[in-house]
Amino acid sequence: MAREAVIVGAGDVPLEDGKVVGGGSVLQVQARAAKAALDDARLSMGDVDGLLVAGLWGVPGPGLLPSVTLGEYLGIAPRFADTTNIGGSAFEAHVAHAAMAIEKGYCDVALIVYGSTQRSERSRTLGGRPSILTMQFENVWGIPQPVGGYAMAARRHMHEFGTTEEQLAEIAVATRKWASLNPAATKRDPITIYDVMNSMPIADPLKLLDCCLVTDGAGAIVMTTADNARAHGAKAIHLRGYGEAHTHWSIGTMPDLARLTAAEIASRHAFEMAGVSHDAIDLVECYDSFTITVLMTLEALGFCKPGEGGAFVSGQRTAPGGAFPLNTNGGGLSYCHPGMYGMFLLIEAVRQLRGEAGERQVDNVNTALVHGTGGTLSSGATVILANH
Amino acid sequence: MSDTYQKPQPVIDPGTKPFWDAAREHRLSIPRCNSCGQHHFYPRELCPHCHSDDLEWSDVSGKGEIYTFTIARKPAGPVFADDVPYVIAMIALDEGPRMLTNIITDDVEQVAIGDRVTVRYDDVTPELTLPKFTLDKD
Numbered sequence: 000m001a002r003e004a005v006i007v008g009a010g011d012v013p014l015e016d017g018k019v020v021g022g023g024s025v026l027q028v029q030a031r032a033a034k035a036a037l038d039d040a041r042l043s044m045g046d047v048d049g050l051l052v053a054g055l056w057g058v059p060g061p062g063l064l065p066s067v068t069l070g071e072y073l074g075i076a077p078r079f080a081d082t083t084n085i086g087g088s089a090f091e092a093h094v095a096h097a098a099m100a101i102e103k104g105y106c107d108v109a110l111i112v113y114g115s116t117q118r119s120e121r122s123r124t125l126g127g128r129p130s131i132l133t134m135q136f137e138n139v140w141g142i143p144q145p146v147g148g149y150a151m152a153a154r155r156h157m158h159e160f161g162t163t164e165e166q167l168a169e170i171a172v173a174t175r176k177w178a179s180l181n182p183a184a185t186k187r188d189p190i191t192i193y194d195v196m197n198s199m200p201i202a203d204p205l206k207l208l209d210c211c212l213v214t215d216g217a218g219a220i221v222m223t224t225a226d227n228a229r230a231h232g233a234k235a236i237h238l239r240g241y242g243e244a245h246t247h248w249s250i251g252t253m254p255d256l257a258r259l260t261a262a263e264i265a266s267r268h269a270f271e272m273a274g275v276s277h278d279a280i281d282l283v284e285c286y287d288s289f290t291i292t293v294l295m296t297l298e299a300l301g302f303c304k305p306g307e308g309g310a311f312v313s314g315q316r317t318a319p320g321g322a323f324p325l326n327t328n329g330g331g332l333s334y335c336h337p338g339m340y341g342m343f344l345l346i347e348a349v350r351q352l353r354g355e356a357g358e359r360q361v362d363n364v365n366t367a368l369v370h371g372t373g374g375t376l377s378s379g380a381t382v383i384l385a386n387h
Numbered sequence: 000m001s002d003t004y005q006k007p008q009p010v011i012d013p014g015t016k017p018f019w020d021a022a023r024e025h026r027l028s029i030p031r032c033n034s035c036g037q038h039h040f041y042p043r044e045l046c047p048h049c050h051s052d053d054l055e056w057s058d059v060s061g062k063g064e065i066y067t068f069t070i071a072r073k074p075a076g077p078v079f080a081d082d083v084p085y086v087i088a089m090i091a092l093d094e095g096p097r098m099l100t101n102i103i104t105d106d107v108e109q110v111a112i113g114d115r116v117t118v119r120y121d122d123v124t125p126e127l128t129l130p131k132f133t134l135d136k137d
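First to last, the protein sequences are chains S and D. Per numbering that gives the first Met the number 0, the first sequence starts with residue 0, numbered consecutively. Per numbering that gives the first Met the number 0, the second sequence starts with residue 0, numbered consecutively.
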């Protein structure tokens, strides 16, 4: 019988006020997250023969070699490695790549890891790219990165479809409500649409509360074969479909600033592979670097038509108790956003599919869609997961 | 000038030098494909539309319209702090490609998508000219 790859472990490290509890280097926090995920999977580090890593960390110099560095630190010699870095969506792509490797027999136990200590180190550097190669046509204009690109997308979306700032604020308010149910969330106090509208202007039309947090964080996912999961008594989460795409890096070359083309391509392939319709999706976890990211993603994934995202999220439809549960851990907007957030979408989907999400558990979650976005609306990766 | 201009400057490479050289001469020059006839920006070695390598540099009109924009209320680093609020815009050139730039205006609030714009060259150092744009309605 063909090998089937499944997710068997998810783990993260505790956060307090957006910082890793007890502190630690970027290697330490990743090791802790990896151990937590392996414990969850009832597997040990010695079982790991596939390592998938992407991050913003590394020893500066020619080539960051993150899997080589982290493999050494963890004391393993993986026979399959993948350091695909397409931005914050990398981990959804890693799940797909690990599945392909496991199903082909290139590895038996794959560990996907991410960590960042950017908040503790005050080292957020996404805006600090040198003005070389493609960036020479971006940096010179003083575009705040990455918010400026997202702001231009929001402005174009408003122009084409009449989307309003209040509709974007609905997303921030709903996400905060989910965060209030998550003890690990960095921001838990309720906010109103008025609060979002009156928060500090950053890059029109986006304001402070339209933007994700800057926090620490570390997480890991463990995958193996369904047979191995059964042998270890681990709860298997099945991978029904996946897809990925990227369209641009410089915001100046994004094909259409009112449409998230990468997510359209990625999710179309994922739905085709899964052989399910949108009606079969009980829960969506999608990247929320900014409120506009969510709105454009929902349209691109096909949960509403292009231009209808504003109406779709209005009336707190994505909040707890709403018709469309979304970003149930409080998202990058209110839970945590350690630079590349896609890992935490996966962890939350696994917990919801297992019924382990505590106060924020959504009823009857059997199939979940996870979609990561990376860069400046650049890349997208979708996975469709099921607990049966 | 070059001693006082603290903002990011492009690290010009062989693939982009003709664009920046032209800007110094107050020309807007971008690649045009002899195979499919389309312009593109930023400059590539292969046409991003049809992937032909039969490209030539072509002076364009320097006219277009605002495709989208943002007003920076917080600067992209301390060197832009004195400029706040300032406009970063994506211009759809009349020849087709879009390019990122700044809109020079005394009233950022009046900038709108669809506004007609014309290039205006900002000689920020003796070696570097930035093609910025002004609103035709200004």
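Some clues are possibly wrong.
What the hints assert, rightly or not - Capping the alpha-carbon separation at 20 Å, the derived lysine to any residue pairs in SDA-like fashion look like this:
1. D:Lys16 - S:Thr133
2. D:Lys131 - S:Val139
3. D:Lys73 - S:Lys234
4. S:Lys186 - S:Leu14
5. D:Lys131 - S:Asp48
6. D:Lys6 - S:Lys186
7. D:Lys16 - S:Lys234
8. D:Lys131 - S:Ala279
9. D:Lys73 - S:Pro200
10. D:Lys16 - S:Ser43
11. S:Lys304 - S:Ala279
12. D:Lys131 - S:Met134
13. S:Lys234 - S:Leu14
By construction, these hints were calculated from the structure, which means they are not laboratory data.
For each hint, the structure was consulted:
Taking the CA atoms of Lys16 of chain D and Thr133 of chain S, the gap is about 13 Å. The hint holds against a cut of 20 Å. Of the supplied pair hints, the one linking Lys131 of chain D and Val139 of chain S holds, its CA atoms being roughly 11 Å apart against a limit of 20 Å. Between the alpha carbons of Lys73 of chain D and Lys234 of chain S the distance comes to roughly 47 Å, so the proposed pair goes past 20 Å and is violated. Between Lys186 of chain S and Leu14 of chain S the CA atoms are separated by roughly 11 Å; this keeps the pair inside 20 Å, and the hint holds.
Taking the CA atoms of Lys131 of chain D and Asp48 of chain S, the gap is about 53 Å. The hint is violated against a cut of 20 Å. A threshold of 20 Å between alpha carbons decides the hint, and for Lys6 of chain D with Lys186 of chain S the separation of about 35 Å lies outside it, so the pair is violated. A C-alpha spacing of about 57 Å is found between Lys16 of chain D and Lys234 of chain S, which places the hinted pair above 20 Å, so the restraint is violated. Of the supplied pair hints, the one linking Lys131 of chain D and Ala279 of chain S is violated, its CA atoms being roughly 50 Å apart against a limit of 20 Å.
Between Lys73 of chain D and Pro200 of chain S the alpha-carbon distance is near 8 Å, which keeps this suggested pair within the 20 Å criterion. A threshold of 20 Å between alpha carbons decides the hint, and for Lys16 of chain D with Ser43 of chain S the separation of about 54 Å lies outside it, so the pair is violated. Of the pairs offered as hints, the one joining Lys304 of chain S and Ala279 of chain S holds, with about 18 Å between alpha carbons and a cut-off of 20 Å not exceeded. Taking the CA atoms of Lys131 of chain D and Met134 of chain S, the gap is near 17 Å; set against the 20 Å cutoff, the hint holds.
A threshold of 20 Å between alpha carbons decides the hint, and for Lys234 of chain S with Leu14 of chain S the separation of about 25 Å lies outside it, so the pair is violated.
This entry does not satisfy hints 3, 5, 6, 7, 8, 10, 13, going by the numbered hints stated previously.
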